[in-house]
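Asks: Chain by chain, the residues:
Number of protein chains: 2
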Amino acid sequence: MSNPKQVTIVEVAAAAGVSIATVSNVLNRGGIRSSKETIRKVELAAEQLGYRRNTNAAGLSRNKTFEIGLIVPVLGGYYGQLAEQLQLEAHRAGYHLSVFSSGGFDPAIERRNLEVLLQRRVDGLICHGLAMGFESTRSIVNSGTPLVLINGWGWPEDIALGAVNLGFSEACRQSTKLLADRGCDLLVYVGNKHSKVIDGQRRQGFETGIAQLSSPIPHQFVDTKDLDMERFLQELMMGPAKRVGIMAFDDYVALRLLSMANKLKIDMPDRLQLIGINNDSVSSHAYPSISTWDIPYYLQANTAISKLLHKFGHNVATCEEREFEVPLTFIERETTKI
Amino acid sequence: MSNPKQVTIVEVAAAAGVSIATVSNVLNRGGIRSSKETIRKVELAAEQLGYRRNTNAAGLSRNKTFEIGLIVPVLGGYYGQLAEQLQLEAHRAGYHLSVFSSGGFDPAIERRNLEVLLQRRVDGLICHGLAMGFESTRSIVNSGTPLVLINGWGWPEDIALGAVNLGFSEACRQSTKLLADRGCDLLVYVGNKHSKVIDGQRRQGFETGIAQLSSPIPHQFVDTKDLDMERFLQELMMGPAKRVGIMAFDDYVALRLLSMANKLKIDMPDRLQLIGINNDSVSSHAYPSISTWDIPYYLQANTAISKLLHKFGHNVATCEEREFEVPLTFIERETTKI
DNA sequence: CTGTTAGCGCATTCAG
DNA sequence: CTGAATGCGCTAACAG
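Respectively, the protein sequence lines represent chains A and B.
Position 210 (the first sequence) corresponds to 210 in full-length UniProt numbering; numbering is contiguous.
Position 139 (the second sequence) corresponds to 139 in full-length UniProt numbering; numbering is contiguous.
Treat the hints as calculated values from the structure; they're not laboratory data.
Everything hinted at is true.
For identical chains, the list gives no copy identity; a pair is met inside one copy or between any two copies.
List of simulated lysine-lysine pairs, DSSO-like, C-alpha gap at most 27 Å:
| no. | residue 1 | residue 2 |
| --- | --- | --- |
| 1 | K311 | K5 |
| 2 | K5 | K64 |
| 3 | K337 | K177 |
| 4 | K242 | K263 |
| 5 | K242 | K265 |
| 6 | K196 | K225 |
| 7 | K177 | K193 |
Go ahead and model the full structure; you've got the sequences and the hints to work with.
Replies: And the structure:
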């Protein structure tokens with residue numbers, strides 16, 4: 001017995017001198033109206049007794065919890081921003097959002113949290129960058145709970161309702177063009193294979209961009225993990241390239257490159273140009289400030305929630321496509337401006 | 001009717017040819033043992049039918065949810081790290097943690113989330129930097145749900161079980177000494193009044209430190225909000241001080257100062273020294289890298305959860321003090337090393 | 001309009 | 001060891 005017994009509608013009913021059904025009616029403002037008098041009495045009694053509805057009981061009774069579960073890899077940066085926005089959108093629709101972290105792509109934790117959410121009978125699920133594979137996910141989530149993926153490319157229809165994906169690929173594609181236009185004669189993508197699928201999208205966009213260049217430019221791929229940044233930049237500067245353009249995995253990777261460039265006194269943007277992704281606050285506060293791609297959190301969150309609401313039967317406009325791609329917008333700052 | 005009807009113990013019982021009570025027993029590994037044979041039958045049936053326990057119903061029935069609610073001002077940086085750690089500790093104790101954000105100290109959102117959590121009958125609550133005042137909080141949380149505060153100084157006993165606070169004050173106090181030792185002849189605290197109570201702690205520690213200096217050093221207070229950093233740093237450099245020591249509100253503020261200093265080509269650490277707080281990843285990746293105070297997340301999370309567990313009746317060691325202060329540890333980096 | 005009743009899914013006595 | 005019965009707090013018909 002954890003809590004010292006909370007007030008229930010039974011007590012409120014007694015205090016107000018009405019039946020529990022009446023209490024339930026007035027307190028939830030259902031279709032049924034009550035007389036002014038009873039409303040007053042009930043509200044007063046509820047107020048005085050400090051009544052607080054037990055939503056678990058309510059959910060049990062009507063088989064609907066008005067809860068949406070969210071699982072993100074980590075509570076910070078881009079994921080955190082998204083979560084905030086999702087919470088807002090959920091609230092707007094009368095739901096609440098419970099946020100869980102998979103502890104940095106840990107499949108075990110992710111799985112546990114998924115299980116917890118399902119056991120809570122959440123009405124819907126939003127998952128970002130599922131670390132588990134198709135099969136694993138399917139076996140867990142086949143209960144009929146609607147699932148919307150964020151940044152989930154090519155997931156089977158029987159698992160997820162749909163997905164809202166960020167246009168990383170396109171952003172990276174355009175970045176190569178942009179860096180080429182700015183006069184870069186060597187292009188490099190500094191990835192992060194830790195975030196497997198997202199890294200894949202970015203890399204692919206970069207490759208596509210390279211292939212579409214009007215005049216070919218040498219390029220290379222490296223990964224943050226096995227990279228000695230200092231040595232890497234030094235060699236770049238001693239190489240034949242007059243101006244190197246780097247597409248960084250995200251703003252944090254960009255910041256690290258930028259810091260090292262500062263240390264090596266590399267002239268930015270003359271000898272080195274840099275583009276990040278996310279428009280994290282660090283990108284604008286760094287010196288020089290980092291050009292980056294901004295994420296339309298509102299659009300992202302709104303479409304994700306809308307997909308769920310639609311499934312719930314709410315009458316909302318929602319895109320038909322299963323995989324909706326939201327475009328990023330370029331924010332030009334000092335690392336590329338010439 | 002949101003979900004297309006989930007499997008219940010009734011069906012499992014039928015399939016296994018036993019009663020629901022038996023199912024409940026074997027599935028929850030309660031005190032009561034069952035025969036090997038029934039265990040097998042039940043587990044098989046549950047497995048095949050894809051049974052998943054409805055924790056809401058279970059919670060309703062035993063008046064215990066094994067859920068802990070967490071409210072943080074924002075899902076990112078320090079707060080995010082803490083949330084991750086709290087989730088871990090909660091898991092370890094057999095609870096799960098639902099994370100909510102108050103959307104950046106928004107009292108309305110905070111209040112709504114608190115209410116939601118209370119209505120869900122969470123077993124316990126952990127709140128970080130409550131935006132609402134004493135009275136407001138008391139009126140909401142007086143239901144008997146145990147509440148532990150993080151960074152809540154001087155809260156009345158009838159509201160919160162206790163608090164675990166970070167030693168910001170002490171860290172700032174020591175920082176002044178340190179900057180003085182490094183030869184700074186002007187000390188300034190760049191605060192952030194947006195985070196009222198935390199800013200207060202830091203400022204106070206800074207003041208104390210100043211007062212305790214063996215030989216007095218001129219000092220000043222400014223606030224991030226109404227500060228033109230460029231002009232501010234320029235004037236500092238043109239002033240009489242040979243070496244300025246800045247205690248920044250946190251690593252992000254420090255990064256902004258550092259970036260501006262880089263832009264103005266101010267020599268760090270010779271003419272300007274800088275200390276941040278939080279040991280955020282940016283502090284180590286900036287150039288020059290930022291000296292800062294590291295937060296013992298594990299200790300923080302562990303004591304917070306322990307306080308709750310203790311209240312729940314679990315037999316755990318827990319500190320007696322109502323307000324437990326966890327000390328920060330200094331990480332020296334290039335902005336102060338000479 | 002208001003009260004009565006029958007569940008929601010599960011845990012928990014208390015008899016067999 | 002197992003099962004029938006009761007209740008957790010609330011909602012949803014359905015009667016009055």
